[in-house]
Each structure stands twice: as C-alpha cells, then as structure tokens.
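Asks: Those protein sequences? They're chains F and E, same order as listed. In terms of this note's numbering, the first sequence opens at residue 1 and continues consecutively. In terms of this note's numbering, the second sequence opens at residue 1001 and continues consecutively.
Be a bit skeptical, because a hint or two may be false.
Unchecked claim - Computed, partial: chain E to chain F, Cβ under 10 angstroms:
no.: 1; residue: 1259
no.: 2; residue: 1322
no.: 3; residue: 1398
Stated by the list, open to error - In silico DSS-like cross-links for lysine-lysine, where the CA-CA straight-line distance does not exceed 30 angstroms:
no.: 4; chain 1: F; residue 1: 63; chain 2: F; residue 2: 83
no.: 5; chain 1: E; residue 1: 1414; chain 2: F; residue 2: 286
no.: 6; chain 1: E; residue 1: 1286; chain 2: F; residue 2: 414
no.: 7; chain 1: F; residue 1: 233; chain 2: F; residue 2: 63
no.: 8; chain 1: E; residue 1: 1063; chain 2: E; residue 2: 1040
no.: 9; chain 1: F; residue 1: 214; chain 2: F; residue 2: 469
no.: 10; chain 1: E; residue 1: 1286; chain 2: F; residue 2: 286
no.: 11; chain 1: E; residue 1: 1063; chain 2: E; residue 2: 1083
no.: 12; chain 1: F; residue 1: 233; chain 2: F; residue 2: 438
Claimed, not checked - Covered stretches of chain E, as calculated for chain F (at least 3 residues, CB under 8 angstroms):
no.: 13; segment: 1349-1357
no.: 14; segment: 1367-1374
no.: 15; segment: 1403-1412
Hints are computed from structural coordinates only; laboratory data are not their basis. Glycine included, every Cβ here is placed at the ideal spot set by N, Cα and C.
There are 2 protein chains.
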Amino acid sequence: MKSVSLLLACILYSSITSLSIAQHNAVDAAQAYREANGPKIIRDFATLLSLPNVASDSAGIHKNAEYISDQYRMRNIQMELLKVPGAPPIIYGRIDVPGATRTLGIYVHYDGQPVDPSRWTHPPFEPVLYSAPIPAGGNPLEMPADADRIDPEWRLYGRSAGDDKAPIVAHLAVLDAFAASNIPLTSNIVFFFDGEEEAGSPRLGDYIETFKHKIDDIDLWIFSDGPVHQSRKPQLVFGVRGVTGMELTVYGANRSLHSGHYGNWSPVPGTLLANLLASMKDATGKVLIEGFYDTVEPLGDEEREALAALPDVDPFLRESFGLVQSEEGNAPIGERLLMPSLTVRGLSSGNVGELARNVIPSTATASLGIRLVKGNDPEHMKDLVEQHIRDQGYHIVREDPDLNTRLRYARIVKITRGGGYPAARTDMNLPLAQQIFKAVQVASGDQALRVPSLGGSLPLYLFTDILQKPVVIVPIANHDNNQHAPDENLRLANLWYGIDLYAALFTMPPED
Amino acid sequence: MKSVSLLLACILYSSITSLSIAQHNAVDAAQAYREANGPKIIRDFATLLSLPNVASDSAGIHKNAEYISDQYRMRNIQMELLKVPGAPPIIYGRIDVPGATRTLGIYVHYDGQPVDPSRWTHPPFEPVLYSAPIPAGGNPLEMPADADRIDPEWRLYGRSAGDDKAPIVAHLAVLDAFAASNIPLTSNIVFFFDGEEEAGSPRLGDYIETFKHKIDDIDLWIFSDGPVHQSRKPQLVFGVRGVTGMELTVYGANRSLHSGHYGNWSPVPGTLLANLLASMKDATGKVLIEGFYDTVEPLGDEEREALAALPDVDPFLRESFGLVQSEEGNAPIGERLLMPSLTVRGLSSGNVGELARNVIPSTATASLGIRLVKGNDPEHMKDLVEQHIRDQGYHIVREDPDLNTRLRYARIVKITRGGGYPAARTDMNLPLAQQIFKAVQVASGDQALRVPSLGGSLPLYLFTDILQKPVVIVPIANHDNNQHAPDENLRLANLWYGIDLYAALFTMPPED
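For reference, chain F alone in the conformation it holds in the complex (with noise of 0.2 angstroms):
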C-alpha cells in the first residue's frame, strides 16, 4: 500500500509539476509575445484611452462600453453589455474552460475620474508616450513602428492609464499570446467590467443583484485597480479602504460685500470655513472629531506580520514628493494607511491671484474626502462630522439657505453628502489566496509583497459582505501614475508586468 501512495504522490507531484511549468511556460509565451508586438500593444492602449471615459459622460462612456466588449468578442470570447436603468453598462464576458474546476472573476472598470483639462500637459484623453516622467524631464515621442525597440521606462500619459483600463490591455495581450502558441486556460474566467468606479459605483450593487445568476459561480474575484508597492515590488493585496465624502458651504451675506465697507463688521465666510476646518484636524494630521477613530477594528496577528515585512518606502516617497516629514511622521505609510483619513480635496471662496478683489466673499467651499477602514461605516462617519459641526455652533441645511433661514440662525453651512460604501478586507490565510499569491510569484520573479490593505477604495464589500465571495487585488500601475489627477500615466514596465501577471493567473494548476 506503502508503494502504491508513493506512486500516487508521484503522479500528483508529477502532475502538478508539470502543470506549475505550464504556467512558466504561458508567462514565457506571453513575454515572447509582448517582446514581439509591444509597439502594437502600445499603440492599442493609446487608441483606448483616447476614448473619454468619464462616467457622467453617458455617449463617451456607451462608447467605450462598445469598444472594448468588441476587442474581447474579436478574440472569440462571448461579450454583452449588462444594463440596468440609467447606469453604464457592465461589460460582461465569460471563457468557459472545459474541465475547469474553478472560476475566476475579473473586475476591471473603464470609467476614469473626472478632468480638469487646464491642470493637464496635454488634453487627457489625447495620449502621449513619453521617454521618462514628466517631472523628472521627459520628452514626448512619436508612437512606435512594429520594430521599434521600447524602452520600459517611457510612460504613456492620458486619463486612465493607471487607473483602470491596463488590465484591458493585459488580457487582450495574453489572449493574443495564447492563441499564438496555443495555450489553454486552466480556470473559467468572468469578465465583468464596471462603468461607474470612480463616480462611486452606486449601481453595482443592483448590478451584482440584477445579474447574480451570470457571477455566482464565481470563487474568487480579482480586481487590478491601485498601483503596485511604491518600492516598484508587485503585490497582492488582501483589502481595501472604503470612502466616502461631503462638501460644506458656509455663508457670510448674501451677496459679496466690499471689504473696505464692510470688513471688520461682516463676517467673512473664509475664516469661518478656516476654523470649521481647522477644529475638524490639527496640523500634525490628527483628527480632531469626536469618535472618528472609535470604530477602527485592530488589526490581526497575520497582518502585523505582513505590514512588518514591507519595505520601508517612507524616506523614498518622501524624497520623492518634496517633503520633510509625513503627516504625523513617526509611523510608515503601511500603518497609516489602515485607519481613517479626512482630507480637503478641495478649497473655493472668491478668487485668488489676478482675479482676487477687494471684497468679502459671500461664500466659502470646502470638499471633504474621508477614507474609512475595516469596522467604519460610511454613513455613521458623516454623520460623526456633522454631530462636530453642530458642536462648534452650525445650522445644517441642505440647500442654499433662504433670507429667513439666515436671519435666524448665525451660522449656517449646507452640506451635501457623498455617497461611498465600506472598507473590506479578505482572510490571508485562503488556500485560492495563496495559490494567486503564487502567480503573482511567477510573475515577479518572487519579488511580490503582501499586504492587507490598500489605501486606496474599491467597491468590494458588495463581494465580501454581500456575495460572500474573496477579493484580491493584483495592482499593475506603477505608484507615481498620478491616479486621480493630473498628468496621470502608465510606466510601460508596468503593462508588461500586467501582462506576465494575467497569463500566470489564467494558467495557475489546480488547487492542491
């Protein structure tokens, strides 16, 4: 009997040996491939982004719904476009792999963040190459012939170059490759692309709800958004922050007042605002609101330990922004990052610089974000910032306030509250975490980190909490893509690493 189990194991060891090489061998294949036809590769992305892709944009966001469920039907995969009223479609695809035991969902969204096209170098979604980053000196290039050679470093700039349409670009490069040498799956893959990200996402739920038939086969989804460890380290990240957001407007008179005739005697909506915010979080970064920090859940014994095994990046990222000091600057990022923020995305009162006059503001803006982890609640959080904002003596309206409104109460500030939703976090200790973990491996050369959570937001409580189901994610954009701003860009070492990336996880051996 004793033989007969060492002949087992063997077989087995042999089978899954020689399926782990399969899955070298695919990510050979897809090296190969992006070797060959990177220029192609490239210019395809660029066509890609050249598609304006903000959610608000309903013909622009149809249209990329249209393009890029073409480039998966093109290679042979069943594509639709799932819709509900009044959202962006869902691009949906499905391979379904025969004798496959396991399915694999891959959300992507193709929704970028709205632009500001003055702050940017070139129009957004008019993307250039570039020989280096912007601010290190970079020069604009031509787009690439087929034999050109490409140099990892350029950067290709355009809204949603980091974030989120390089995955795209990843598995239509692997499908490519795969075809080519004839290589097969070994997981069934749903493809299910989101269109309304970075607007919040607040239709996924119904979504996930309305079209829970297509995806509940699912056993584990992997989502690609966020960049990779600033220490340019791959990684597998287990969570992310959730958020949420407000805007406040506080009120002086009801028009602007000239500061010679009035000043000293009106109020002036600015030092208003100046103090909410300032009695809101001290200078050092700490939040000053009462509980904002009582609802954070401590973190595991697991995740201490990967935190600790991440890389100091801390004096690097401080070099490389300019600054002295971190907020607080005596924990590194990877702690800080796992409990709360509130940040002021945004200050308008008046005018500044050559429009700045000599008058009273009758208004003053403020757009608050606040980042949320494990054990916050999206809602009990606003409702924290304006239990303080009662506190210091404020009137909450929801609209501008009317002449009756004002002359009854003496300060008054509207706010509107974002919408948002939670953080979320998946066990580390998953067997079909670890068997991703081990793709990514074969992709990074076992240079991959993990980590527990992500700073940045995803909607994937409504895979954790609500479908029940894991979440991990597999960044590919490099750390300085400019995310959410600006000038944001993909580093090219980055798509190839997307590439090697999806064509070991689409070829990862079954599970031991």
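Keeping the supplied structure of chain F fixed, place chain E upon it in accordance with the hints.
Replies: Here is chain E on its own, set in the frame of chain F:
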C-alpha cells in the same frame, strides 16, 4: 460809524445771501435740466460704462481716457492727458473762473475693478437698466427714449456704475445745465482723473510729483468715490481706511496625490492653510495677530460726536444682507470701520463641486485683504502677519520652493506681498470743509451726515500727507451698488443727487 458798519453789514449780508441764493438757483437749474434730459443722461452713462476699464487692459484704459476727455473738451474745457511711462494717463482739465479766489481739485478714477464675467447676470461692460435691484426681482428695461418718464429707483448695472464713473456723468450734466442757463462757476476747477485706482494707484505719487505745478494752487480736493450712508442719506466724509493685502500659498507634496494611497500620511495643504488662517482670526472676527491693533490712532471728540450722530443702520444692513449679527455683534458699523480688518478675499485648493476629485492637492492658497486705519503702516501690518506666520513654524519663500527647500522645511509658505497705502483723515473743523458741508446740505435738503472715515480706501494720503492739502469725500453711489463685486450698479436717484451736488459745489459762495 455805526450806520456805516450796519450798511456794510447789510451789503455783505445781501451779497452773501444773493450768492447763497445763486447756489440754490444753480441747483434748481441742474434739477430742471436733469428732469428734462434724464433719458439722454442715462444713455450717455451707459455708453461710458460700455468701455472696458480694468487698469491692466491698457488699450481699454486709453480708450476711456480719450473718450472722457473728449466729453469735457466738447464742453469747452481745456483737457490734456498727463502721462508717466508705463501707467494709464491722468485725465487733466482746468476751468479758470475770472475773479475766483479758490481752486477746487476734483479727483475721480476712471478705471474699474477686475471682473469675473461668469458671476455677472449680464456681461459687465454691456450696461443694462433695471426696474429695481436684481435680487429684489427687478426686470431689465429698454434704454429710455427722450420723452420717457424715469423712475429714480431704476438701476443701471455695469462695472464702474457706482465706482467711479458716476461723478463724470454728473459733471457733464451740470456743465450742460449751466451752459443752458448761463450760470457761472464760483471757483476754479481742476479735474484730475486717475486710471489705476483699483490697481492700488501705484503711480499716482509719481504723477503728483511730476505734475505738481499743475495742481499746487488747489486749496481742497474733492473725491466722490464710495457710497452714501447706508441710511441713503448723503454724507460728507473726512477720511478713508488704507489698504494692503497679501497672498499665501502653503505646500504639501510636489504633486497632487491620490487621497487613498496617501491620505493620512501626506500633509494636506487645505488643512495646513485652514489652521494657519484660523490662528490669525477667530470665528467672532477678532484678529489674533500680535500687534494688529496696537498702532491704531485713537479718535478725537469731534469724530466721536459725529459717529454718535449717525443713524443706526445695523438692523437694516443685517436684514438686507441676511445676517443675524455682525462680525462681533456688539459695536455699530461706524465704529467697526474705524478699526483695521483682515479679510479672506479668496481661497483655492484642488476643486470643489462637480470637479472635486479624490486627491490631496499639492497647494492651498488664500488671498488676504487688510484695511488700515490712521496710525497703521501698510508694510508694518504685513510684517506683523509674516511674523505671526513664522511663529506658527512656517518658512517663508517668495517663489515656489524647489526640491531642496521642500526637503529642508516641514512647513513652507509662499507670501506675495501686495502694494497699498495708509489711511488718511482731514480735520473736521476746517473752514473750507465747512463750506463743502453747506453745499452738500443744499444739494441734499439738509439731510447730510458727517462721517470721520469711510470703510473703503482711496490714496488720500498722497494729498493729505504728501501735498499737505485737505481732502473731503462727497459720495454719490447707493450703499448697495455692489462695488468691487459682480452686478455693480447705480440707483438713478443717486445719480440725480450727484448732479445736484456738483451744481452746488461748483457755485459755492466765496469763503466767509
């Protein structure tokens, strides 16, 4: 001897009385003229307001200067454009009256505040007549034809309607009225119109020095800037506040950062700025900068008495502006304006509203306005603000910091100091000033008030302190003319008062 004295006294009395009657007759003639020619005066005013007059728009300013001097020249007045290199011209004109023993200098500025057209109901240089104030539901009207009835509550909207083109229209109407009725002037008149008052009159001192020989016979200067009292009563004003300002920019990372990946680790410029501004002034309006109130020159008895005689307009103003209380709530506006003020004229960081994105902006900027009272030096007051900022731990730079500077100082602020000038006040007991007050009473039907200082600013110190000549201000514009703000306007009743006023000023009896 007694009878001779009596006779002389009678002759003098009769002479003075007849001269005083002559002044009343002149005002009556001006009133009759404006009643008969109101529509034309309004149309001419609209033509004047249609000439863009922002001081930095050199071509526009020169067009104004040519057009305005032509208007006076057409009334047979010697006009010339005084010029110093690089500055808008001074429009200069002179009326020499045979036998006159007194010369009045008439200062007007023909430039207007910069405009942000997106915030105006109509384009700022396309004047529109309204049946009432726009916020009170006024309707736009056609420009009146010659025989149309004019409602004095109508308002003409356009940049500089109130600040400061109305006196020009008043002068021209008075000159036409006097020409039609053969009414002689009783003083020599010098017109002296500034072209960059709203830019801080940076070259007015040069002009006064260069062309001193053309103005040194002036006995008293008359300004018409600023509004009448908020009670709508005309006023004679003996001083102004000074003005200065500065712009502050605080820095976070050298680029916008994703608020997820860096939120709670990177400094947030909006928070830093809010804390800095909150440290300068509390929410009740008290400036916390050390020394800010220390150099204020105390008021004299005359000034206290004049202040006490002013109508209480605070309840009316609060009702009109939708304010429960004034900044501190415990002192009338007249008193508050005799103290220096610190105003947040503008705030800017990232974006708010639809364009708000989940980033940590790299900078936050505040534009500060400072009004000064007698005793405050503009440079000293800015020095106090800078010292306060240093005391909050900031390193001050004058240009955007380079990487080395960023890596050396944790808190960096760029300060751009604006120009400006000190306050000025004329002795309320001066005999010639008393004469002016009589003229104001004649034009106003004995309704006028005496005010120690306007809240607003004019470069009167050049006249009171450099030329050592008294200055008084006889404002014309309604208090709610939206001076310096969008939808600037003039109430026609105030234009009519301006015409009556200049009729009285141009025909003052010789000094007692």
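Asks: Work down the list of hints and note, for each, if the structure agrees.
Replies: Each hint tested on the structure:
no.: 1; hint: 1259; verdict: 5 angstroms, holds
no.: 2; hint: 1322; verdict: 3 angstroms, holds
no.: 3; hint: 1398; verdict: 15 angstroms, violated
no.: 4; hint: F:63 with F:83; verdict: 14 angstroms, holds
no.: 5; hint: E:1414 with F:286; verdict: 24 angstroms, holds
no.: 6; hint: E:1286 with F:414; verdict: 24 angstroms, holds
no.: 7; hint: F:233 with F:63; verdict: 34 angstroms, violated
no.: 8; hint: E:1063 with E:1040; verdict: 21 angstroms, holds
no.: 9; hint: F:214 with F:469; verdict: 14 angstroms, holds
no.: 10; hint: E:1286 with F:286; verdict: 26 angstroms, holds
no.: 11; hint: E:1063 with E:1083; verdict: 14 angstroms, holds
no.: 12; hint: F:233 with F:438; verdict: 15 angstroms, holds
no.: 13; hint: 1349-1357; verdict: holds (count 9)
no.: 14; hint: 1367-1374; verdict: holds (count 3)
no.: 15; hint: 1403-1412; verdict: holds (count 7)
In summary, the numbered hints that this structure violates are 3 and 7.
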